[in-house]
Amino acid sequence: MMHRRPAQAGEILISLGLIAVGTFVVVDAQSIANTVGTGGVGPRLFPYLIGVGLTLCGAVLGWQAISGGWRRMVPVPEHARPDWTAFALISGGIVLHMVVIGWAGFVIAGTLLFVLTARGFGSRKPVRDAIIALVLSIVVYLIFTHGLGLKLPASPLGVV
Amino acid sequence: METFSALMSGFAVALSLQNLLWGFVGVTLGTAVGVLPGVGPALTIALLLPATANLDPTGALIMFAGIYYGAMFGGSTTSILLNTPGESATIITAMEGNLMAKRGRAGPALATSAIGSFVAGTIATLLLTVMAPIVVDFALRFGPAEYFAVMVLAFTTVSAVLGNSKARGLASLFFGLTIGLIGLDTQTGQARFALGIPELLDGIDVVVVAVGLFAVGETLYIATYFNRDTDKLEKMKGRIWMNRDDWRRSWKPWLRGTALGFPFGTIPAGGAEIPTFLSYAIEKKLTRYPEEFGHGAIEGVAGPEAANNASATGTLVPLLTLGLPTTATAAIILAAFQQWGLQPGPLLFETQPLLIWGLIASMYIGNVILLILNLPLVGIWIKLLEIPRPMLYAGILIFATLGAYGLRNSWFDLALLYGIGLVGFLMRRYDIPVAPVLVGMILGPLAEQQFRRALAISQGDVTIFLRQPISATVFAITALVLFGPPLWRFIASRRGQRTG
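If you're matching them up, the sequences are chains C and D in order.
Under numbering that gives the first Met the number 0, think of the first position of the first sequence as 0, with each following residue one higher.
Under numbering that gives the first Met the number 0, think of the first position of the second sequence as 0, with each following residue one higher.
Isolated chain C (complex conformation) (with noise of 0.2 Å):
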């Protein structure tokens, strides 16, 4: 017989996510203006058709949920222990990167990024992570900029 676990949050939550978003495009698609094209089909008939796909798709995955867990998922140990501090750790570097690159530029938002993230997988050498992402970065900075004609911003110091 079919192998039964406790309902997940995790899958319930996902399944009840897909169920807000695909209710939220159908009522959305209300608001496009609907000039009919030749042949009688607007701009909404997609918006309703994936909309009304996208919640049967949740409404499925949230029942098997609740009736003994998405089907055939592979067990991976792992999962039981994860590592939330490497999660926020290199989260907080890409957002941190964001809100830094605009004025500080690239090159040292991307070394703090660097740091960051190599902290998050268990480095333990800030100093020369932080000299490694310095060397990436301005060589990736010159290429993209000078060699592919990419627009990055530069740091307040200029140069790069």
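No lab work stands behind these hints: they were computed from the structure.
Treat the hints loosely; a few may be bogus.
Simulated crosslink set (DSSO-like; lysine-lysine; CA at most 27 Å straight-line) [said to hold, decoys possible]:
1) LYS124(C) <-> LYS231(D)
2) LYS231(D) <-> LYS101(D)
3) LYS231(D) <-> LYS382(D)
4) LYS251(D) <-> LYS101(D)
5) LYS101(D) <-> LYS283(D)
6) LYS382(D) <-> LYS124(C)
Keep in mind that this is a model prediction, so the values were computed, not measured.
Once you've looked at the hints, dock chain D against the given chain C.
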């Protein structure tokens, strides 16, 4: 004969110094990202999209294709030496190949996978050359209804056939389709789901989605759940060359792997996982040394490696001839075509024959370069595996943020990148496949366009999709793919009840 002369003119394009260089850069980058765990061809091509927008499309596409099949070569090196698949398509190689390496036979394992990849890649390119014009001839009869039908088939197979669960695959697909809706409607210019945010009027860029899912999501996942793991890198002992016995046991699996991989690539059932698993099962059955399976049998490396390479090349058949992407990487290559205003399909063979045939010809050359890069020079790539994990993933995030921010220097794209990264993290954690998101997001708007065109032609009559013989057949196949297996199980269980 026509094909031959087209291919020859393609070689003239591919052999120009500039395009040779792009091809070389492509396969080298491809091998590198194939070797590095955590970086794949889809991510790499997505990162290069903004930087290549102003280049000549032929050269850039030659590079992208090189990254795609080059990654299949490189992925096996990681699988064999690290027992972590460098690429999802090399999972099987990670089993037998790593066991060979543990027994001190890393050299022959690397050799049989490199030569097998070369044999498969070359035969598959040959098959692509022969098949493409035939499919194009057939596809010239396609109208909007037929295109819509094959796109729906591709949606179904990509999300419902692959992976462990239909419901999760379809949820992923519909999520991608939803992302594809955001922005201005292509036909009426109406804003959809822009939520009053001006940045969303252009839609969400495929670079942000691909990089968010593959780089940010993957990095968060590995850091959160696999931080304590340490990888054990097997030493490359002895010579790389295979002995007589290795050759004798390898050549048939190479050919069988190719024969399995290519068709699986061409039908819109995408992905190299299924043919590699099949190839492994078949070799296990046919081998004269069944006792070696599970302890490092060379057939178990040779067959699946050939299969994944042949299948990567096979996916280019529907991509180039019909504009149908069946894997995440193929979807991003389609987005690359679009950034130059090109739409792959039968018409592109007429309007841009030099680009298409130059691309195909470049793959013959690329496979030769890859054989050299992955056999005598394999030592260089092994060095890449010595990069410590903190440095590797920190570097990946630098490139990820660069790709998103470089689009239009807006912090909004970085916020989106992190948001999609969180979605990617959850998808990895809860075993939801990622490829359907990309296929849905890129192919969705095209499918909508064809649907509306078809109805414009039929003046609103929906039965047009069932009255055209080709599209009706394709829809029948789609229904079979979706409802066949559960129906079959239902009938089988009923029968079981009656007898039991």
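So, going through the hints one by one against the coordinates:
Pair hint LYS124(C) plus LYS231(D) holds up; C-alpha atoms about 22 Å apart against a cutoff of 27 Å. For a cut-off of 27 Å, the pair hint linking LYS231(D) to LYS101(D) stands: about 10 Å separates their Cα positions. For the hint linking LYS231(D) to LYS382(D), the alpha-carbon distance of about 14 Å falls within 27 Å, and the restraint holds. For the proposed pair LYS251(D) and LYS101(D), the alpha carbon gap of about 24 Å is at most 27 Å, so the pair holds.
For the proposed pair LYS101(D) and LYS283(D), the alpha carbon gap of about 20 Å is at most 27 Å, so the pair holds. A C-alpha spacing of about 22 Å is found between LYS382(D) and LYS124(C), which places the hinted pair at or below 27 Å, so the restraint holds.
In summary, the structure agrees with every hint in the numbered list given earlier.
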